[in-house]
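Chemist: Sequences and hints are given; from them, build the entire structure.
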Amino acid sequence: MSRMPLPTERLVQPKLVGYDPTHPRPWLERIAYALFFSALWVMVVLAYGVVPTVFRHYGWLESPWGFAAYAVIEAVLAFLLAAVVALILIVVLRKYLGKVQERVGPMHYGPAGVFQTVFDALKLLGKEDFAPRRVDWLIFRLAPAIVFVSAFMLMVAIPVAPGWLMADLDVGLLYIVAVSTLGAYGVVLGGLSQGNKWGLLGAFRAGAQLVSYEVPLAIALLSVGVYSGSLRFVDIVEHQYGLWHVVPLFISFVVYLVASIAELKATPFDLPEAESEIVAGYNTEYSGMSFAFFFLAEFVELFLLPGFMVLLFFGGWHGPLFGLDPQSFAAGMLQSLYFLLKVAVWVWIYLWIRATLPRFRDDQLMDLAWKGLLPLSLVGLLVAALLRIFLEVL
Amino acid sequence: MRGPTTIDPVPGRTDEMIINMGPQHPATHGVLKVVVGLDGERITRAVPHIGFLHRNHEKIEEARTYSQIISYADRMDYVSGLQNELPFILAVEDLLGVEVPKRAQYLRVIFFELFRIASHLVWLGTGMLDLGAITPFLYTFRDREMILDLTEKTAGARMLPNYYTFGGVRRDVHPDFFKDVAEFLDFFETRLPDYYALVLDSPVFQARAVGVGVLSKERAIARGASGPVIRASGVPYDVRKAEPYDAYDEFEFEIPTRPEGDVYARFWVRFKEMEESVKIIRQALEKVPKVGPYKGKVPPRVKPKGARYRAVEIARGHLGTYVVADGSEYPVRIKHRSPSFANLQLIPDLFVGARFADAIAILSSLDPVFGEVDR
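If you read the sequences in order, they're chains A and B.
Under our numbering, the first residue of the first sequence is numbered 256, with each subsequent residue one higher.
Under our numbering, the first residue of the second sequence is numbered 22, with each subsequent residue one higher.
The hints are simulated quantities; they were obtained by calculation from the structure and are not laboratory data.
Any given hint might turn out to be false.
[Stated by the list, open to error] Cross-link-like lysine to aspartate or glutamate pairs, in silico, EDC-like; alpha carbons within 20 Å at most:
#1 A/K452 with B/E37
#2 A/K354 with B/E166
#3 A/K452 with B/D29
#4 A/K354 with B/D215
#5 A/K452 with B/D60
#6 B/K324 with B/E350
#7 A/K354 with B/D164
Only a predicted model underlies this, so the values are computations on that prediction, with no experimental measurement involved.
Modeler: Put into structure tokens, the structure is as follows:
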């Protein structure tokens, strides 16, 4: 043969799996992702609406056995919901980055690539969960569990519609501050236990960053509590009829936005796992499902932190009800949909920021937290307190 | 064996961590290894190790005939492949006394500047990847793809086209070449504002780059730096102006310089260079003779005699080739003076005292390519 054969002249043509780049099918993509979103909605309705309503209607929560059954069922549902949220958000992130970066993103598994993360998760399940010889075994194994459990425990505190919640906590705000701080322990311990210098650096960075941004975040939450007069999420959302908190508490909202991106360890604050600087940071030595737990927790938080933002500043489940009784089940479904849609918009904004910005340096990160956000959050707290006094005098 | 390139722990000092950055580190642009001593995030000592990509380049070239060497020269700085052929070809042409036709000179200039843009686009993408922004990488590679497609259409290959030859270029351009280039330039100029917005004008990038890794004019000259690195330190040295080759003395263009010498200045200089390249190509498209020979008269067997050093300004700086010929088909000795190698000597100067994240930014602003450092 006088020349190299062209790809079209191959004897065996490679089979296209799922996607033919010459025939893009955008409608299929949209339907697939709409179905995905509906699946999430169904899960939310089941976990937050159906099960608690049924248990309360029949009075099963009064008996200890009924309460135990409720706890077990809700725990399983919350775990499934966390897994579904993470799987959806990972593929959405990859598709969205693809759109921003003028490429197609995952395309092969399922229609328009919707099952990509399912297969990724299966792959990670099948991989060896390797631990190097030098690790501190107990802590090394415990760390991913701490990180995932802290993300998953936060699921419990979210109300998605009036009366739709797993546990009605009187101190909801305090609970999320306490539990989300637990996740920082997991990250730091995971980095320190693996006997790897990059992991050590990642743990240093993660510890400094998460602890620093926890402070303005907590003060921003506190200012919402001061303004609405309650630490209970249901009361806070009810307080927003008429005016969403984002208007009076705009400063606290900005603080929450920045600090929550830092808590997520997302660009521009992704220093603990900055792959171009410290290779993989705190999860350098993790593989298989241990790595997957870090990864899943991160994406569950990507759902939860915008979720809390919507509850605290954007009126939670508020939206037009078209004459339905707000306490009815149909209204609950509609309101949980409003909640999910608001969260989806905020998740999109978080992803947008992640796709656009470069990374800060560690000292700039600390400067921003302690010299910028902390004073700003105190100003926000002051504004909230003054507004509260003003409203009480009126 | 323990050579002078290792770092020993200081006895009694426990707060310094010695860590190997590379050769399999995501931000070392290939196979650089830097042994750094870290005090927290601050770098106390830095020793670069090179040679992981050494492949006896110059020795291999001594065993090849002159026209075979051209394709080896491509493999030095593989990001701006075509540009590396030129200094060797210029030196051999001088030894042979070959006249290069005007059209061939202009074609060479057009491709030379296209590859400068392509190389700077790769640098921009990977540099921003090092700084944590993933999106510019995909954008710049998409634009670079158009340059590579143009090259493929004319020269047959994409990254390492082996297109220049003694006395001109290897074959004539494809019929729509000048139209395609003009179209690409129009498109590229619509993309530049995006790059400014994503990189130079981004406040996060400015926070990372301004005042970081400052290289003084004296230090840059002493270390033999060249290219955008030295121009960002305020030295207006550019081979295209200093010793014009091909048709470079017939174009109007500026040498962007900046006095600061920090990472931001090096990024800025490369941005402006892309714009200057667009200007040069536009002038060349106007002036190039539309018909005429694309190659001068060259003897069928290339047997130069004598010794000659020629230099060009590739995307990374001053690339020179010294050819010693004895009148046979094979050269006696070929020596390449490569810009990245000299620029890389700045690592200990710039790294020590910087923060670890700054070191990554500094390295990406030096823009080394290891095919050319190690040879």
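Chemist: Take the hints in turn and mark each one as holding or not.
Modeler: Quick rundown of the hints versus the structure:
Straight-line distance between C-alpha atoms of A/K452 and B/E37 comes to about 12 Å, which keeps the hinted pair within the 20 Å bound. Straight-line distance between C-alpha atoms of A/K354 and B/E166 comes to about 18 Å, which keeps the hinted pair within the 20 Å bound. Straight-line distance between C-alpha atoms of A/K452 and B/D29 comes to about 17 Å, which keeps the hinted pair within the 20 Å bound. A distance of roughly 16 Å separates the Cα atoms of A/K354 and B/D215; the hinted pair therefore holds under the 20 Å criterion.
The hinted pair formed by A/K452 and B/D60 meets the criterion: a straight-line CA distance of about 13 Å does not exceed 20 Å. This hinted pair checks out: B/K324 and B/E350 have alpha carbons roughly 5 Å apart, not beyond 20 Å. With a C-alpha separation of about 17 Å, the suggested pair A/K354 and B/D164 falls inside the 20 Å cut-off, and the hint holds.
When held up to the earlier numbered hints, the structure conflicts with none and fits them all.
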